[in-house]
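Here's the letter readout for the chains.
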Amino acid sequence: MSVHEKIAVQFYDYLQGDLPAEARRSVDDHLATCGDCSRELESVREFAGLLRPERTPAEERGGDFWLNFPAGVERRISGGEKKRSVGIVESLYSLFALNKKVTVSFSVAMVALFLLGLWMVNFEKPAEKAAGPASVAAADSIPVDARIGNYFRKSKTLLVGLSNIETPPAGDVSPNLDLEQGISRELMAESRKIRREPVDIRSAELIKEMDKLLAEFSGIPSRPSGQEMENIRRQIYSQNLLFKVRMAETSFRTVSRQESARVGGRTP
Amino acid sequence: MKTADEQQLIFRVREGDHQAFRMLVERYMKYAYNIAYGFVNDHDDAEDVAQESFVKVYESIGSFRGDAAFNTWLYRIVTNMSLNRLRQKKNSITNMSIVENAVVGKNDFFSAQQNMETRQALEKALHELPTLQRAVVILRHLNGLSTRQVGEILRCSEGTVKTHLHRGIKKMKSKIGFLEYERS
Numbered sequence: 001m002s003v004h005e006k007i008a009v010q011f012y013d014y015l016q017g018d019l020p021a022e023a024r025r026s027v028d029d030h031l032a033t034c035g036d037c038s039r040e041l042e043s044v045r046e047f048a049g050l051l052r053p054e055r056t057p058a059e060e061r062g063g064d065f066w067l068n069f070p071a072g073v074e075r076r077i078s079g080g081e082k083k084r085s086v087g088i089v090e091s092l093y094s095l096f097a098l099n100k101k102v103t104v105s106f107s108v109a110m111v112a113l114f115l116l117g118l119w120m121v122n123f124e125k126p127a128e129k130a131a132g133p134a135s136v137a138a139a140d141s142i143p144v145d146a147r148i149g150n151y152f153r154k155s156k157t158l159l160v161g162l163s164n165i166e167t168p169p170a171g172d173v174s175p176n177l178d179l180e181q182g183i184s185r186e187l188m189a190e191s192r193k194i195r196r197e198p199v200d201i202r203s204a205e206l207i208k209e210m211d212k213l214l215a216e217f218s219g220i221p222s223r224p225s226g227q228e229m230e231n232i233r234r235q236i237y238s239q240n241l242l243f244k245v246r247m248a249e250t251s252f253r254t255v256s257r258q259e260s261a262r263v264g265g266r267t268p
Numbered sequence: 269m270k271t272a273d274e275q276q277l278i279f280r281v282r283e284g285d286h287q288a289f290r291m292l293v294e295r296y297m298k299y300a301y302n303i304a305y306g307f308v309n310d311h312d313d314a315e316d317v318a319q320e321s322f323v324k325v326y327e328s329i330g331s332f333r334g335d336a337a338f339n340t341w342l343y344r345i346v347t348n349m350s351l352n353r354l355r356q357k358k359n360s361i362t363n364m365s366i367v368e369n370a371v372v373g374k375n376d377f378f379s380a381q382q383n384m385e386t387r388q389a390l391e392k393a394l395h396e397l398p399t400l401q402r403a404v405v406i407l408r409h410l411n412g413l414s415t416r417q418v419g420e421i422l423r424c425s426e427g428t429v430k431t432h433l434h435r436g437i438k439k440m441k442s443k444i445g446f447l448e449y450e451r452s
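Chains as they are written, first to last, in our numbering: chain A, 1 to 268; chain B, 269 to 452.
Chain A on its own, in the form it takes in the complex (with noise of 0.2 Å):
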């Protein structure tokens, strides 16, 4: 590139005001000495005023159109899923019909997941009765039950951002992990709040596990290195920590639907 053309690409931002003022004052020096240059940056000026909108499309557009523009998206959004429901239906009938295997393994898996559900619930059942009536009418309570959904709703999430965080190729920069660690501590010092509370044998195991993870991925730099984030990785894959969480998060759902249900239902 000659002298002139790397005076030249920095003209338009020359004419914005956006050079440093070594660059403008290297552009102003050259300019002062080159008529062609000078001619050049007068060419671009024109050339950006005509080019320049009056109106910006958004403009153009009357009011009506934004306040339905974000509906619009919304209805996007609901019917892609509705798709993708329909999708994933589709999909799995043409897998069974062509692929005994795959039923087969689908089936016991189904099985597996049937059973080990009746085992969750068998298993909370004796913790309940354990705690005794005035525990219970406290596990009763919806706000413990949310709190308990939302901080494993919050952790899923979690897992789920670290789990695909991509480790950067050496000598790249690290991903800046400020707000998850953020996001941690507030889970440690809720699951401290937890713990005061009655709560199902599984459910506080789990949390423990969790904060042990946490407690760990709070101490890591926040641009950590590839090998401190694949320990956290690995971590979370050794325990099946995010199995776990999506599990209990689930039940915990269904919990608090059920509560809502059964206190919408009393009579007064």
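Hints may be right or wrong, so weigh each one.
Derived DSSO-like pairs (lysine-lysine); straight-line CA-CA distance at most 27 Å [as the list claims (entries may be wrong)]: (1) Lys324(B) - Lys156(A); (2) Lys154(A) - Lys324(B); (3) Lys208(A) - Lys244(A); (4) Lys438(B) - Lys6(A); (5) Lys193(A) - Lys212(A).
Covered stretches of chain A, going by a simulated chain B footprint (3 or more residues, C-beta under 8 Å) [claimed, not checked]: (6) 10-20; (7) 40-49; (8) 147-159.
Think of the hints as simulated: they come from the structure by calculation, not from any bench. Cβ atoms here follow ideal geometry from the backbone N, Cα and C, with glycine treated the same way.
Since the structure of chain A is provided, determine the placement of chain B on it from the hints.
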């Protein structure tokens, strides 16, 4: 909107808070629309692209890490979606038809005081630029984004942005000069 407030809003969206998502849409919908229009030069297509971009944001918000500003990420999505739309249209109709359909009887980016021929020439020249040069002109000049932000959206250096802008403007000037010579 302060960065910390926006981070909180994004976190709420990731948790499935629809109200927070609506606030983000309302905040950025016009900017997204203007960028989309710069590429597709059609109000219906711009609406389509802008709305689909927000759907993409909703679906991918979990993977947004906050390394760049949210609006940079959004504008990158809008730019890519706009370019995809142009590629789809290119397969069915010619570039010339896009410009003709866009210009005749419709509002456009350029000054209403300019004569029709100059406006047609400017739009034709813009749409005939190579993709990257066109993207830089649209983002930097027509939408007023900074060189740094354009570089982040297009994933190139600021030097590259300046070079493409310079070459894009130069090419447009020479095309318009040629078209005016043909007319005379």
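Hint check:
Restraint check: the Cα-Cα separation between Lys324(B) and Lys156(A) comes to about 21 Å, which is no more than 27 Å; the hinted pair holds. Between the alpha carbons of Lys154(A) and Lys324(B) the distance comes to roughly 22 Å, so the proposed pair stays at or under 27 Å and holds. Of the supplied pair hints, the one linking Lys208(A) and Lys244(A) holds, its CA atoms being roughly 12 Å apart against a limit of 27 Å. As the CA atoms of Lys438(B) and Lys6(A) are separated by approximately 14 Å, the hinted pair is consistent with the 27 Å bound.
Taking the CA atoms of Lys193(A) and Lys212(A), the gap is about 16 Å. The hint holds against a cut of 27 Å. With 5 residues having a Cβ less than 8 Å from any Cβ of chain B, the stretch 10-20 of chain A passes the three-residue criterion, so the hint holds. For the stretch 40-49 of chain A, the proposed coverage by chain B is satisfied: 4 residues have a C-beta within less than 8 Å of a C-beta in that chain, meeting the threshold of three. Coverage of the stretch 147-159 of chain A by chain B holds [criterion: at least 3 residues with CB-CB distance below 8 Å; count 3].
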